[in-house]
Every structure is written in structure tokens, then in C-alpha cells.
Amino acid sequence: MTFGIGKRIVGAITWIGELWETSLPGRAGRLLVQVVASPFAGRPATARQIGEIFLQQTYYTAVEAVPIIVILATLIGGVTLIEFATVLPRVGNSDFLGDVMVLAVLRELAPLFTAFIVAGRTGSALATFIGNMKVHGEIDALESMGIDPVRFLVLPAVLGCTVGMVCLSLLFTASALLGGFLVAHLLAHVFPGSLGLDMELPLYLEKVSGALRLMDGLIMVLKPAAFGLAIALLACMNGLSLGISSHEVPQGTRAAVVQSFVSVVAMDGIFAAIFVIPQLTGVMP
Amino acid sequence: MLTEACGLRFGFQQEEAILDGLDLEVRRGDVRILGGESGKGKSTLMRLLIGLEKPLPDETGSVSGQVFLFGEDIWEVPRLRVRELRKRIGFVFQNNALVSNMSVLDNIAVPMRYHTDLPDDEILRSARRWIDNLLLTGHEDKRPAHLSLGMQRRAAMARAMAMSPELVFLDEPTAGLDAKNSEIMLSLIGNLRALSNVAILMVTHDLASAHFLGGRIHLLLDGRLRPARTYEDLVQSPDPRERELVRDDQETRFG
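Protein chains in written order, with our numbering: chain A, 2 to 286; chain B, 425 to 679.
These are computed hints drawn from the structure, not numbers from a lab.
Be a bit skeptical, because a hint or two may be false.
Chain A side only, calculated, beta carbon under 8 Å to chain B, not exhaustive [as the list claims (entries may be wrong)]:
hint	residue
1	Ser39
2	Pro40
3	Ala42
4	Gly43
5	Pro45
6	Arg49
7	Asp100
8	His137
9	Glu139
10	Ala142
11	Ser145
12	Asp149
13	Val151
14	Phe153
15	Met268
16	Asp269
Glycine included, every Cβ here is placed at the ideal spot set by N, Cα and C.
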């Protein structure tokens, strides 16, 4: 009897383990472990091994996306500021403009919108690049030379995408807060009295900086870093999992982008559970 | 022994083994040529020998047969060790498999940059030497897509030779090339062999190239390798299937 129950428990644990192994988080987690271990497997990784692809990836993720991020952030920042500046006086809370802008832009809009742009640009490009390498036998060629594709390709791509994502999210935040103010201010001059935005830049900046807390600084870096890591891992994972047929490449790219979008939103929920809910309940200051 | 396969069994599905109990040995300085019908597992055998494909499981669930690379069973030793062993081989793939976003020079330098601490100028000097040896001078900064098939094949050959391997696997090195480029390729392989005495395991339909390289031919028939023979022996073989393969080869070469 006891033996039978034990066997069932072992069976259930094995089943859960197998389910985890084949699930999306399980596969991405396995690749993450390989990425983390790869610099220390065998001869320690050198800057020469990973430097070039890391710089390329950072450049592609961050520098080339600067115009689209600045434009998008300015527009979104402007719209958000106008909405809040219009609504807050109605409820008699104009003093909280800085707080709501920090909360909305820095904590949510910047990491999320940047992640969507990075998933669409970098994630799709990375999945296509690695997928093409896989179907054309270039990954096998690296293996045949004793080169670890995870150390040679995935590690620098993941590092580059993560660093690039953090830089872009910071740029988005700055552009949304400043550019947004300029857009809203311009509109307030064009339509005087129609918008509740009647403060000057120094006062606005004072309100925003006064609303910033240490937790915001943490979130500003941790969230985009986690999103960038997930996007790069999913792109590489989908690229590496392709077979030998070219028609699989677009399928892998599509899967990488969709999985990135879903993962980013899910991770955003997890971040909210970790950082926001404890504040609401008074557990965290 | 550089590489050895014992009782190797492989198939894309369990019930359809294309290699069935195959044995092969390649010793230092050997030139072995693998011939046989298309789609019967010659290229797959090469991939199995360096661990890019896994043999079918036996009744106990472990891999059937053994593959030794430089005396070590590649399915028994850790993956990291297999990568160490692969530093001592070169592999030219049928589709060349050059890294498409790198120049020819960088493709050749990749294994040296990854595996050695040599200064970059020394690595580039060595890569340029291979470029000269393989008649690619003037094309070192081009991407693979901008090269002809023959040039791509020679660039793949240069990359395979960059780490001064003890054994080179050549998968159809003359496939898709015209007669002149095939001759150049075989002549370059012959020169490299004369320079370094590297052992060669080559899959080809051009069985007469065995003449040129002084190697012996194994025919892959019914999932197993026939004993090594010279080209002349095969031409006069009493087995009609062996004669047929040589006849196909002659027709391919001479139309």
C-alpha cells in the first residue's frame, strides 16, 4: 500500500518534470542555464570570443532603434501627460502629476513599449539570423570546429540585447517625460485654456524628480533587463530549435515574437506582484 | 587510430535503419573514400563520426554501436570533451556552411580566434596563408554569398585546415563543380595532403578521384561498408552492383 503511494508520487513528480522540460519556461530556463554556464565551460571565455557579436547586438538593439524609440516615447509621453493634466484637476489632485507620470511612464509604459519594439525588431531579426544559420548548417559547422554555439552566438546576443534593452528603456523614459512635456506644452499654447497643463518645465521636472523613489530606480533597470533577457533567449531558442528546412525560419521567427510579447506581459504581472502589491498592502515602503 | 565506428546503427526512424552494424577505421595518414548510392547514409555516417548525429538506441535504450574519435568514445565522454576532440579535425560540408555574415578571412580565422590565445595579427597572417594556398587571394574580404561555388568550397577547405587538423572529413568536395573546378579542388586536396600528411575521409560520387589521391574506396551497400578496394578492383568487380556504381561514376565524369 505504502509502496504503491510512493510509486504514484514518484510518477507524478516525473510527469511534472517532463512537462516542465517541454514547456516554454522550462526550455527557455534550460537555455538560460547553458548561457550562464557557457563562459566557464572549458577555457574561460575571452572578450575576443564574445566581444564582436556583443557590440554588434548592442548596436543593432539600442543605437539603430533610437529614432523610433524617441518618436514613439515623445508621442506617448505627450498623450499621457495631456490625459493626466486634464483629468487630475477635475478630481482636485493636480499635485500628483509627477507621481502619476513616474508611475505610468517609468514603471509601465517605458519597459513595455520598449520591449514590444525590441521584440519586433531585435527578437525577430535574431530568431531569423540564428534560424537561417541552423537550417543552412552553419551551427553544425561551428560544432564541427569544436565551437560552442551557445558561447559563440547566444551569450553575446543575450548580453547585447539585455544591455541594449536597458539603454533603450532609459531613453524612452527620458524622451517620454521631457518630449512629452514639450508636446503637451506646445498644445497648451496652441489651445490656451483647453488643457489643464499650465506649469512650466522647471516645476514639472521638480514634480517628477520629487516623485522618484529608490524602488523606481530599481524597476527602471531590472524590468527592461529581464524583458531583454527573455526576448533574446526566446529568439535564440526558437532559432536553434529549427530543423533543416528553410520554410521553418518564418515559423520560428513568428513563434519568437509572439512568445516574447506574451512573456513580457506575464513578467510585467510578476514584477507588479513583487514590487507594487507589497506597497499597496503596506508590506514595502 | 583517428576515428573508428563499431556496429553503428542509424536511421531516421527505428524500423528503417540506413546504417546497420557498420564498422570503419581511419588511421593516421589514411585516405579513405566512401562511395555508394545517393541517400544511403554516406554523409550521415560522416556526421555520426563527429557526433553531429546520434546512433539509434539499442534494446537497452543506449546508443547502438560505438564511435571513437582519437580513441575516445564520443557518446561516453562529456560534450565538452567532444568539442576538445573536434579541434583536431576539419570538416568540409557539402553546402560549405560558411558563416554567411562573415568575410572569407573571418570565416577562416574563427576557429583560431575561438580556440587559441594567438594575437589577432598572427591569426590573420595564418588565415591569409590559407587564402593564398587555396587560390582565394583577392577574395578575402568578400562574404560567402559573393563567391562562386568553387571558391566557397575552397574557403570551407581553408577553414577546415586552419587548425592544422590530423583528420579531414570531406563531404562531396567536388559536387556541383564543373570539370575544371573539380580538378582544381582535387589537386588542392592532393597538395594539402602532401604538405601535412593529414588523413582524409571523403564522401564522393567521383570514385576515380581515389586514383588521384592514392586512396582506397569503401562502398556503402545495404547499410554496411564493403572492404576497401582500389578503383581498378571495383571496375572489374564480380558484383554487378559494385560495377554499376563505378559505371555511374564514369558516366557522371565523362557524360
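To see whether the hints hold, each was checked on the structure:
no., hint, result
1, Ser39, "violated (10 Å)"
2, Pro40, "violated (13 Å)"
3, Ala42, "holds (6 Å)"
4, Gly43, "holds (5 Å)"
5, Pro45, "violated (11 Å)"
6, Arg49, "holds (6 Å)"
7, Asp100, "violated (47 Å)"
8, His137, "holds (6 Å)"
9, Glu139, "holds (5 Å)"
10, Ala142, "holds (4 Å)"
11, Ser145, "holds (4 Å)"
12, Asp149, "holds (6 Å)"
13, Val151, "violated (11 Å)"
14, Phe153, "holds (7 Å)"
15, Met268, "violated (30 Å)"
16, Asp269, "violated (33 Å)"
Checked against the numbered hints above, the structure breaks hints 1, 2, 5, 7, 13, 15, 16 and satisfies the rest.
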